[in-house]
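Listed below, chain by chain, are the residues.
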Amino acid sequence: MITLKAGRERSRGDARDHVAAAHAGKGMAPLTRITLFSLRHPFQAILAVGATIIAAILQLTIPRLLGQAIDQAHNVLSVAGDGAQEALLWTALTLLAASVARGLFTLVQNYFSESVGHHVGYELRLAFYDKVQRLSYSYHDRVHSGDLITIGLLDLDGLRMFFSTGLVRTILLVVLIGVGAWMLLSTDVLLGLLALSFVPFVAWRSSVAQLTLRATWLILQQKLSVLTRVMEENLGGIRVVRAFSGQKHELDKFDTASKAALELAHRRVRVRVKNTSMMTFSFFAAMGLVLWVGGNKVIAGEMTVGTLASFLTFMTILQMPVRQLGLMVNSYARASTCGERFYAFLDAPVEIEDKPGATPLKISNGVLRFEDVHFTYPGSTVPTLNGISFEAKAGQTIGIVGAPGSGKSTLAHLIPRFYDITSGRITLDGQEVRDVTLQSLRRSVAVVQQDTFLFTTTIENNIAYGDPWAKERKIERAAESAQLHNYIMGLPADYDTVVGERGVSLSGGQRQRLSIARSLVLKPAVMVFDDSTAAIDAGTEHRIRSAIRRFASDRITMIIAHRLSSLMHADLILFLEDGRIVERGTHEDLLAQGGRYRALYDLQTRPTDDLEAAQ
Amino acid sequence: MSVVDDESEVAAFPGQRPPRASVGSHRIEEEVFGKAYDPKTVRRIWAYVKPYRLKIYLAVAAVLIFTGTQLAIPLIIGNAIDTALVAGGDPNNLLWAVGAFAIAVLLNFGASWVQETQVGQVAEHVLFDMRRAMFAQLQRVSLSYMDRTEVGRLMSRLQGDVSAMQEFLETSVISVGDLVLLFGIVAVLLSLDPWLGLVTLITMPVLFIIRIFWLPPAKRAFWAAHETNSLTAGAMAEGINGVRTVQNLDRQKVNFDLYDDKAYQNLRIQLTGSKYAQVMVPIVDTLTGISMATVVVVGGAMVLNGALQVGVVVAFLFYVQRFFDPIRSLTMQYSIMQRAMTSGRRITEVLDLPTVIEDKSDAKVLTGEMDGSVEFRNVVFGYDPKRPVLKNVSFKVNPGETVAVIGPTGSGKTSAMALVHRFYEVQDGAVIVGGHDVRDVTQESLGEQVAMVLQEPFLFTGTIFENIRYNKASATREDVIAAAKAVGAHEFIDRFANGYDTMLEQRGSNLSLGQRQLLSFARALVADAKILVLDEATANIDSYTERQIQKALEILLKGRTGMVIAHRLATIRGADRIIVLQNGEKIEEGNHDQLMELGGLYSKLYNMNYASFDDIPDEMVAGTNARESST
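If you're matching them up, the sequences are chains G and E in order.
Quick note: to get the numbering used here, add 3 to the position in the first sequence (first position is 1).
Quick note: to get the numbering used here, add 28 to the position in the second sequence (first position is 1).
It is worth saying that the hints were derived from the structure and are not from the lab.
Fair warning: this is a prediction, and the values are worked out from it, not measured in the lab.
Treat the hints with caution; some may be incorrect.
[Stated by the list, open to error] No farther apart than 27 Å at their CA atoms in a straight line, the calculated lysine-lysine pairs in the DSSO-like style are these:
#  : chain 1 : residue 1 : chain 2 : residue 2
1  : G       : 365       : E       : 281
2  : E       : 500       : G       : 226
3  : E       : 513       : E       : 579
4  : E       : 83        : G       : 262
5  : G       : 251       : E       : 388
6  : G       : 262       : E       : 78
7  : G       : 477       : G       : 396
8  : E       : 83        : G       : 277
9  : E       : 281       : G       : 29
10 : G       : 29        : G       : 358
11 : E       : 392       : G       : 251
12 : E       : 579       : E       : 500
13 : E       : 281       : G       : 474
14 : G       : 396       : G       : 365
15 : E       : 388       : E       : 500
16 : E       : 500       : G       : 262
17 : G       : 477       : E       : 281
18 : G       : 251       : E       : 500
19 : E       : 424       : E       : 586
20 : E       : 281       : G       : 358
21 : G       : 277       : G       : 226
22 : E       : 78        : G       : 251
[Stated by the list, open to error] Covered stretches of chain G, as calculated for chain E (at least 3 residues, CB under 8 Å):
#  : region
23 : 123-135
24 : 314-320
Every residue gets a Cβ at the ideal spot worked out from N, C-alpha and C, and that includes glycine.
With the sequences and hints as input, model every part of the structure.
Next up, the structure:
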C-alpha cells in the first residue's frame, strides 16, 4: 500500500492525541476553542505572528525611504556634490534590504499561518472521522448524511482557516493601520487625516459587502443544489422521463431552477462590483485631496515633495489590506457559525460504548436468548418491541415474519447493539450483550442488511471488509458460498474488479450476495439475514443456504423475510405483530394453527381471483 | 466456534495496515491540462459567447479605459510635481493636475463598474447557456449511451467543466487589461526616459524566466493539493455514507488508521503546495526592491545632474510598485486557458453525442384516434448488433387486450418492452403501434399514447401531487385524486399531514417500496394512454401492499391495451393471452388453458407451484442458460 510509508513516519499515538485535544474545551465559545486548539502549534504560531509584525513594519518603512530618496535627489539640486550621491546610494541599499527582508518575513508569515491551518485541518478531520464512526445508529438515523458531509467539509474548513484569515490578518491590519496612522499623523495631522479618510469608508463597505456576499452565497448554494438535483434525478430517471415523453417538462424544471440561480448570481455580481468600485473611488478621491492639499503645502514651503510622495505611497500600501478588512470580518462570522455546528457535532453524546471493564465475548455453546425484551426508539413514545422472549441454539435457524413496522429489523439490530434495549436482557452464552466489548460482539454477530453499501474498491477488498487480513482462499470460499464466485470470475479483472460508485455497478441481487459473502468471511456465531435475499431468486437463495450450512453447522441463523419460501424450513418461526410475538412454531405447526401465518401463506401461493372467491 | 478466525492475523501485526483495505477511492482524475489553444474548441465555445458579443466588446473597451487611467495616474502626479511643486513651477498648474486626476478617477470608477458587471454577467450567462445546451442534448441522446455512462461522470461535465469555462471567460477579459497594462508600463517608462526605463525594466524578463521555470512544478503541486483534498473528502463521505456497514463489520479501527494515512498525506501535499505558492513572494519583493533601488540610484543621480525632473522619478517609483502584477496574473492565465480548453473539449463531446433516434422530417402525430394495437413483425434487436437479444420475434396485441410476457432472465422481455416506446431502434423487422411503424410517428406523440411503468418505481423530489401529475399539465387536482383513489393510494396519501402536497424526500425515500409502486401506477393512470407497458416489480413487497397492487393493476389495464412483463401467477392468470420468450425467441403463445394443454415450458413452470415465476431455480428451467445480464 502506498499509504504505509506515511504511517511509519509518525508514532501511532499522535492521531489519538489529536482527537482527544479536539474534544477538550467543551462549553467554550467556538472562537476561543479553535484559537486554543490552533495554539497547540506554538512554535509555528509564534513564527507566523512575529513575522507578520516585522513584515508589516518593514512594509511601512518603504514609503519613508522613497520620500527620503526623492528629497535627497531633489534638495541637492542647489548644493550638488558627492555626499548627495552617497546618501542616495545608502537609501537605495536600505530600500533593497527592506524589500528583501519584507519578502522573506511575508513568506514566513504566510507559510506558517497556512501551515497552522493545514495542521489544524488534519487534526479536526481525524476527530470528525473518529466521531462519525463512534456515533451509534440512532444518531445517524436522526441526522441526514448530507448535513454531516457539510459539517465535515465546509464547516471544518471555515474553522481551520480562522487562524490565518482571522487572527493573523487581524494582527497584520492592526499593525499596518495603527503604525501607519501614527506615522502619517505625526508627520502632518491634516494631511494624515485626509490620507486616512478612505479607511473607515472602505472598511465599512468591505465588511458589508463580504457579509452580504456570504449570505447570498449560502442562498445561491441552495439554489444550485436544487439545480443539481433536477439534473441528477433527470439523468438517473432518464427512462421514466422518456417513457412519459417528459423531456419538455424536464427542461422547464431545469429552466426554472437555472433562472433562479442565474438571477441570484447576477445579483451577487452587482453587489460585488458596486462595492469594489465604490471602494476604489473613495481611495482615489482621498488621494486627490492629499495631492491638492499637500501640493499647496509644498508650494507654501511647509512640506517637501518627498514627504508628499511618501504620503501617496503610504496610501497605496494601505489600500489592499484595508480592502481585506471585510474578509477578516467574514472570517470571524464564518468561523463562529461553522464552529458552533462543528463543535455541536463533536460534543454529541455517544450512546453506545463499551462499559467500563467490559470483557470480550466468549462463545462456548452458542445460545442466544431474548428475555422479555422491550424497546422504544429514542425520541419516540410508542414502544417498537414489547416483551420479546425466545431462545436459539447453535445450529438452529429462526425465521421472523410480520407486516412492515412490526419490529422485525429492530429485533435483529438489538443483538449486535446497534441500539440498546429499554428493558429485559439479551444474552449470548449467558453474557449480556451490554457487558461485553462491542468489538468482540460485532465480530460474532453479523447482520446482512437489505441495502448493501459498496465501497469503491475491488470486489476482493469489499468481501474482506470485515477482515482485511483474510487470505485469498477464504475470500473465494465466502464468495462461492454466496453463489457469487462464478459471476466474479466472469468480470474483466475477476476479484480485482473495482465496484461501487465509480466502478462496475452490480445488480440488487449481486449486491446482496456480496453482502452475504462479506459476513461469511467473519465466520460469525450468529448470522442475521435482514430481508437480505429479497432480490435473489429462490433457487440461488436455496443454494446459498445449503452452502452456509455445510461450512458452519454450529451457527445460529436468523432469517427475516417476506417470502415465506425463504424461511419455511426454519426450526422456529416467530410471527411479529406490533412488536409482539403473536404466533410461534415450525412451518407445519403454524399452518395447522390456521392463524395469521396460514393466511399469509395462502395469500402468497394462490392467485388473487381464487382468494377473492374464497372470501 | 472461535471469535477471531485462526486464519486472520489481526493480532500478529498491531499497527500494521491490513493488506486488503483502503478508505475512499484512489481515482486518478481525467486529464486536466491540455493544449492551451485549440482552435476547434474555441470556435465551438465562441458560439455560446457570440450572443453576448456586444457586451464583451463593451467590457473590453471599459478594460482599456480602466487600464489607461491606471497608467495615467502616476503620470499626473509626476507631472503635478514637475510643473507646480518644484522651484520655478507655476502653482496654478496644481489645479489643472488635480482636475485631470479627478477626471481620471471618474473614468476609472465608471470603467471598472462597466467592465466587471458586464464580464461577470456574461460569464454567468454563458455558463448557464452551455449547461442548458448540454442538458437538452442529454434529453435526446440514445438510451444505449445513457445506459453505459455513469450519472456522476455526466454531472461533472455539467458542473465542473462549465465552471472552468466560466472562470476562463471572467479572467480572459481581465487578461486583456493586464496585457495592455504590461505594454503600457513598458511604453510609458521608455518614453519618459529611455535610459532609466531600460535599467529599471531589466528585472521584468528576470521574473518572466523565473516564472517559466516555476510554473510547471508549481502547477503540479497545486493540482496534487487539489486532488488529495478531494480524495480525502471522498474518503470522509464514504465513511459517513457507509457508517452502518463499518459498525456492522467492526472496521472502525482499521478505517481510522487508513483515514489518518490519507489525511496526513493530504497535509504533506498541502504544505508542499503552500511552499510553491509562497516562494514567489520574496522573489517578487526582491526584484521590486532592485528596481526601486535602481530608480533611486540612477534616477536620483540624473536628477542631481539635472538630466531628469524629480516628478519623473516619482512616477517611476509608482510604476515599479505595480509592474509585476500583470506578469503574475498573465502566467496564471495560461493554466486557466489550458484547463478551459480541456473542459471545452469535454463539453463539446457531450454536445456532439449522437442522437440516434430522431423524428423523421415527415413524422406523423399519433393521436388517440388510433386503435391501440401493438404488433411485432419479425423484430431483430441487440444492444450489440452481433449478439441479438431478440431474434425474429412476431406477435400481435389486439386493442384492449392484456398480454403477459414471461420468460427466464435474459429472454429479452425487457428489451421487447423498450422497443414499443422506441427507446432503441430495431435492427430488422418493425414495431407497429396503432397501425403505424413507430419510426413514422413523432416520439413525443408516441410517448403520449404509450404509458410505461418500470420495475423500479422512480419518483422525483417534489410533492406527491407533482409526481402523479408529472408532465400531464392538463390534469387537474381532481384527476390526480381520482387516479390515486383508483389505484388505492389515496388512503395513505391522505394520512400525511399535508396530503397531496407532502414533499417526497430524496426520491420518495420516506415512502415504502409498495407505496412508491402505487404512486407510479397513479402516474401512469393520469397519463391516460391507450397502451400500457408494464414491467412488474420482482422485489418482495409485503403481502398486504402486494394485494393492493394487484387490484390497482386491474384498474390500470381496464380499457387499455396492456403488455405486462409478469412475474406473479396472479397477473399471468389474469391476462388474456400469454407470450413465453426464451433466449430471444417466442416459444409459446396462448391463454392459460391452451398453454397448459400444450405441455411446454409454461405448464412445466406452472406445475412447480411457485408463487412467482422468478422464484424458479435456474436449473429447473430446462434448456435455458440464464445470464446475469441486461434485464
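Structure versus earlier hints - violations, ascending order: none
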